[in-house]
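Build out the structure end to end from the sequences listed, making use of the hints.
Chain residues, written in single-letter form:
There are 2 protein chains.
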Amino acid sequence: MTVASTTIDLLIIGAGPAGLALANWFRDSDIAVLLIDQKPGPTPRGQAEGLKSTTNEIFDSYGIGPQIEAESWRLEEIAVWGPKDGGDGIVREQVVPDKVEELGKPRETMLQQSRVEHHMLQNLLSHENIDIQYNTTPIAIDVDTSCTHEADAYPVKVRLLRAKRSKSLVNGAGDNAHGSETFEETLLAKYVVGCDGAHSWLRKQLDVKLEGDLTDSVFGVVDFVPKSNFPDLRRVCYLRAATGTILLVPRSNKEVRMYIPVESGTVLPDPKDLTFDRVMDAARKIITPYTLEVGSVSWWSAYRVGQRVGTHFSRLNERAFLVGDAVHTHSPKAGQGMNTSIQDAYNLGWKLRLVLQGGVPDDPQALLRTYETERRPVAQNLIAFDRGYLKLFASVSSQFDTELVKALKFTTGLSIRYPPSCAVRLPHGVSDLGPSLLKADLSPGKRLPDFQVVYHSDCIPTWIHKRLQTTGAFRVIVFAGDIADADKMARIKRTGEFLGDTKNGLGKLTMVSGGHLAPVEVLVVHCAERDKVDFMDLPDVYRPWSEGAGYDYWRVFADQESVHDGHGRVYERLEIDKEQGCVVVVRPDGYVGAVLDVEDLAGMKSYFEGVGML
Amino acid sequence: MTVASTTIDLLIIGAGPAGLALANWFRDSDIAVLLIDQKPGPTPRGQAEGLKSTTNEIFDSYGIGPQIEAESWRLEEIAVWGPKDGGDGIVREQVVPDKVEELGKPRETMLQQSRVEHHMLQNLLSHENIDIQYNTTPIAIDVDTSCTHEADAYPVKVRLLRAKRSKSLVNGAGDNAHGSETFEETLLAKYVVGCDGAHSWLRKQLDVKLEGDLTDSVFGVVDFVPKSNFPDLRRVCYLRAATGTILLVPRSNKEVRMYIPVESGTVLPDPKDLTFDRVMDAARKIITPYTLEVGSVSWWSAYRVGQRVGTHFSRLNERAFLVGDAVHTHSPKAGQGMNTSIQDAYNLGWKLRLVLQGGVPDDPQALLRTYETERRPVAQNLIAFDRGYLKLFASVSSQFDTELVKALKFTTGLSIRYPPSCAVRLPHGVSDLGPSLLKADLSPGKRLPDFQVVYHSDCIPTWIHKRLQTTGAFRVIVFAGDIADADKMARIKRTGEFLGDTKNGLGKLTMVSGGHLAPVEVLVVHCAERDKVDFMDLPDVYRPWSEGAGYDYWRVFADQESVHDGHGRVYERLEIDKEQGCVVVVRPDGYVGAVLDVEDLAGMKSYFEGVGML
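Listed in order, the protein sequences are those of chains A and B. So the first sequence is numbered by the UniProt record's numbering: it starts at 1 and just counts up by one. So the second sequence is numbered by the UniProt record's numbering: it starts at 1 and just counts up by one.
Just so you know, these hints were derived from the structure itself, not from any lab. It cannot be assumed that every hint is accurate.
Note that the list lumps identical chains together, so a pair holds whenever it fits in one copy or between two copies.
Claimed, not checked - Dumping the calculated DSSO-like pairs for lysine-lysine here, alpha-carbon to alpha-carbon at most 30 Å:
no.	residue 1	residue 2
1	K209	K39
2	K466	K99
3	K105	K493
4	K105	K466
5	K466	K532
6	K439	K466
7	K466	K227
8	K532	K406
9	K391	K439
10	K39	K466
11	K605	K409
12	K84	K285
13	K227	K508
14	K532	K84
All values reported here derive from a predicted model rather than from experimental measurement.
This is the structure we're talking about:
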């Protein structure tokens with residue numbers, strides 16, 4: 001046994017969806033990241049599966065959207081079945097499009113967790129600053145709280161138990177228990193993040209409690225190829241019979257996933273006692289008079305749903321964080337587990353990156369604290385939703401349809417609005433925006449709704465989140481209105497000159513110098529006829545020049561009809577006044593930091609001062 | 001030096017776009033294919049770049065469409081510039097959408113040849129029946145014509161010079177000239193195909209001549225990052241000044257490709273004498289008064305255009321074939337080189353596969369002969385087009401716009417119609433269809449126009465060519481009309497029963513048995529309201545049952561509004577009468593073999609008898 005010691009900027013414990021999503025933030029940076037997992041390697045299967053459009057936008061921003069989309073199974077329709085009047089059996093009540101109009105694109109797709117992990121992992125492999133070590137277990141942690149306020153300190157000391165890469169492991173035996181030696185290593189890190197799941201080791205070390213309860217719902221879940229004459233097997237199906245309920249979700253490989261609650265009586269069933277036959281027997285009773293045979297089963301399980309949230313999401317002066325299942329659990333029926341974990345990680349990643357790059361010299365803790373203030377309420381709201389959803393699903397309610405449509409919008413994340421903070425600025429003189437709506441609106445703290453625009457220079461259409469790659473940069477998007485009009489052009493010229501002014505404006509943040517990526521990228525979305533605008537007439541900050549690459553043609557967009565893909569109608573959808581326009585500050589995670597008047601130069605400066613970047 | 005001998009079903013000489021496209025036909029078969037190339041490995045760069053939508057449909061059918069699409073650069077607009085009246089300089093005359101309405105999708109994308117080859121190569125790697133050997137040169141061929149009519153014979157004897165895989169090669173030195181030994185091998189093959197480019201070795205061995213001439217056009221072509229104030233650098237640009245012409249095509253990596261003819265005078269310039277500076281000087285004169293500097297150059301070349309077609313595309317009783325540049329050359333300006341090569345290979349591949357699988361017991365030569373009768377006229381027409389196109393491009397014609405729109409349609413392949421043959425059947429009593437139109441119509445010998453439909457069972461939209469994967473199967477598509485109507489349902493039931501009848505109908509070809517893929521797959525496209533049709537009411541052949549996978553839900557489609565992707569309007573676009581319907585026989589390469597009445601059962605049988613499959 002040997003003891004070695006090394007330093008690292010960021011230690012991520014757990015290489016599941018949350019850990020991999022977090023690590024993806026550090027591509028193309030010089031931040032040293034180590035991702036460890038006690039497993040011997042990537043797992044070939046996983047239970048989570050539903051991907052919401054917001055999560056797919058995250059994959060777009062990581063550059064792996066096309067691969068994931070190509071493998072995903074789309075969901076287009078939801079069939080609602082209820083008990084037949086005055087008799088046994090079930091009857092189709094209605095078919096609802098699986099669609100949220102505000103999104104302008106599919107709401108949900110299905111891809112199994114292991115493939116999602118695969119693509120996120122592949123995306124890390126060519127980045128030498130990110131290391132991944134399997135067969136590695138943390139066994140002790142000690143944080144030196146005396147230096148957690150020093151930017152250059154490594155206050156986190158973690159002892160790891162690692163497997164030597166013995167021959168049997170390299171050959172893919174994949175079993176750490178036999179024939180491999182282990183050794184201990186002590187690691188010093190600036191930050192540590194626990195993405196280590198429901199039984200999180202780090203959560204226990206940090207003394208974070210889960211608040212809430214196990215519910216009395218025990219579920220069976222089965223992935224199988226059905227052989228059945230039931231007509232809606234390829235639709236999402238809510239089957240509510242007198243004898244129980246089933247949720248069916250189609251997936252790839254001709255399989256469907258079936259969720260079936262085994263209802264509680266006076267004696268709660270123990271998930272361990274549930275057999276496959278008992279699950280299928282219960283399902284057959286519900287789906288009667290249709291047949292239900294099993295062609296093949298790729299996976300099945302039984303579990304009791306816990307609905308719990310961690311008391312803290314970060315500790316020790318924001319040197320240690322917990323992400324995903326480590327701090328919240330709920331039922332899998334709304335397909336929120338993997339999505340919420342990835343979105344947690346996505347919220348935290350850019351903040352750690354910005355701080356580790358020295359981008360927030362004063363009080364970086366203030367920015368890092370927003371991880372908890374932003375994500376903990378999301379988990380709490382999710383669990384409140386989950387309680388209602390479980391009840392709704394189990395009952396035969398006349399309100400089912402209305403509630404279902406609300407649920408579709410909720411699970412898409414349309415109600416998430418982060419509270420005011422150093423990274424979310426309310427408009428001047430406004431102290432409270434009131435409750436957030438189930439709507440894709442342009443509001444500080446909400447995600448920038450995705451929209452289609454065309455590039456000014458070539459009319460190629462793009463959705464904006466595909467363009468907002470996770471480089472770590474904020475974006476200032478100038479919604480310029482009709483800049484074929486001289487007044488409006490003059491207005492955004494003044495704004496552009498301020499944004500590019502390295503002395504009195506934001507030039508220090510926006511102008512590329514020495515090949516480094518600027519921490520703030522300036523974009524324009526206008527609604528003028530493209531050929532009435534002289535591109536060269538725009539200030540530098542909107543089309544910067546570089547010696548090697550000439551002008552940057554990829555910052556100016558038009559809200560107009562594309563050649564092949566229709567019209568995005570951005571101004572209309574986001575309710576932006578074409579006369580007034582506006583400036584939207586978009587955080588690196590695609591959330592709106594501020595919505596300002598086009599000429600509110602002081603407001604723009606004040607936003608970045610608030611984050612701590614100026 | 002050692003001499004070994006081995007047998008193989010198919011030898012493909014040349015692993016460029018044509019050879020790789022051909023090899024892709026043999027995935028998931030038990031046909032032994034060897035692909036050889038004298039190069040030491042895949043090339044990192046290549047000159048061809050434009051991909052037409054038809055070629056992208058081929059990639060879809062090979063399952064590599066998403067990867068290629070994700071890397072491709074779209075072209076949306078074409079700007080036409082002409083000389084300024086009464087003075088030097090140029091002026092924008094108009095901007096034309098780079099669109100062919102009939103396609104319903106982008107007409108052309110840009111991806112460099114090496115990436116196209118990469119994806120086709122990757123797609124072969126997991127298929128053990130397909131072997132690829134670089135560093136391998138054919139040195140002699142001998143065909144035993146006495147046995148070319150015997151199905152099981154190996155009449156093609158080829159002597160190969162191969163490099164031993166010496167250490168330096170494995171380590172990626174990639175140079176065959178030094179430090180590696182070679183050895184000779186004699187190979188016996190059933191068929192040989194030369195995809196070995198403009199200087200084809202096989203063409204010379206087969207004594208095939210190229211007819212036609214070198215033109216007097218010498219072109220310079222440059223891929224570079226421009227630094228310029230010219231406003232249309234990101235559009236396809238036809239620049240026609242008094243001093244010459246330029247074609248600009250935007251590509252990825254901030255580059256543009258520039259084609260510039262160096263006009264012939266009394267003394268033709270030799271391409272070898274053309275310098276980069278001379279090319280750029282000529283370009284600067286044309287683009288005046290705009291500036292044109294070079295940021296960086298990734299590739300440039302100069303060449304004289306040849307316009308030539310081989311006298312034969314196949315020889316020796318259809319045991320030897322020539323594909324792509326080996327039998328036709330023309331100017332690269334219409335972006336037809338790589339496309340035509342891939343399409344040649346796509347035409348030949350399924351025929352060889354079907355014959356090698358024993359699917360055409362009698363007179364397989366008749367089917368194989370259609371490769372030449374179908375593809376040689378395509379090459380001839382292409383060269384005729386190219387002559388006009390070169391002239392058009394070089395002149396200042398008032399007809400330019402009209403001619404350009406025609407050219408867009410022509411280069412998309414909309415006029416290609418293969419002549420009647422054993423695989424292309426004219427309607428009863430019709431002996432001549434007249435000239436083919438520049439139109440996406442449903443006509444024997446033309447490519448099935450791509451269209452969007454939704455799956456009956458789940459409303460997921462698909463374009464039909466994505467669904468028509470290259471399994472080697474023909475498809476019988478029953479355009480069934482509104483089958484909520486009892487008469488129409490009864491009609492397609494009768495047709496379905498015939499198609500599934502193994503005694504008197506086409507069941508031998510259409511019904512899956514013993515896990516083997518049937519050589520003919522039956523699909524339905526109806527235009528009924530989906531929930532008014534009982535899926536289980538359809539005959540087996542439309543939704544076959546398998547013990548492991550239950551019913552096949554992926555053969556029945558509806559022409560209706562999708563949830564997220566609009567309406568394909570197939571019946572309208574293809575001008576199919578909703579009352580009458582029709583049956584379309586689609587060949588494995590996506591071309592229409594026959595268009596028949598829904599109840600013309602004899603016609604269906606006769607088609608497959610004609611091919612030689614019955």
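To see whether the hints hold, each was checked on the structure:
no. : hint        : result
1   : K209 x K39  : within (25 Å within a copy, 64 Å between copies)
2   : K466 x K99  : both (21 Å within a copy, 24 Å between copies)
3   : K105 x K493 : neither (34 Å within a copy, 37 Å between copies)
4   : K105 x K466 : both (13 Å within a copy, 20 Å between copies)
5   : K466 x K532 : within (27 Å within a copy, 40 Å between copies)
6   : K439 x K466 : within (21 Å within a copy, 34 Å between copies)
7   : K466 x K227 : between (40 Å within a copy, 26 Å between copies)
8   : K532 x K406 : between (44 Å within a copy, 28 Å between copies)
9   : K391 x K439 : within (24 Å within a copy, 57 Å between copies)
10  : K39 x K466  : neither (33 Å within a copy, 38 Å between copies)
11  : K605 x K409 : neither (35 Å within a copy, 53 Å between copies)
12  : K84 x K285  : within (14 Å within a copy, 81 Å between copies)
13  : K227 x K508 : between (64 Å within a copy, 25 Å between copies)
14  : K532 x K84  : between (63 Å within a copy, 19 Å between copies)
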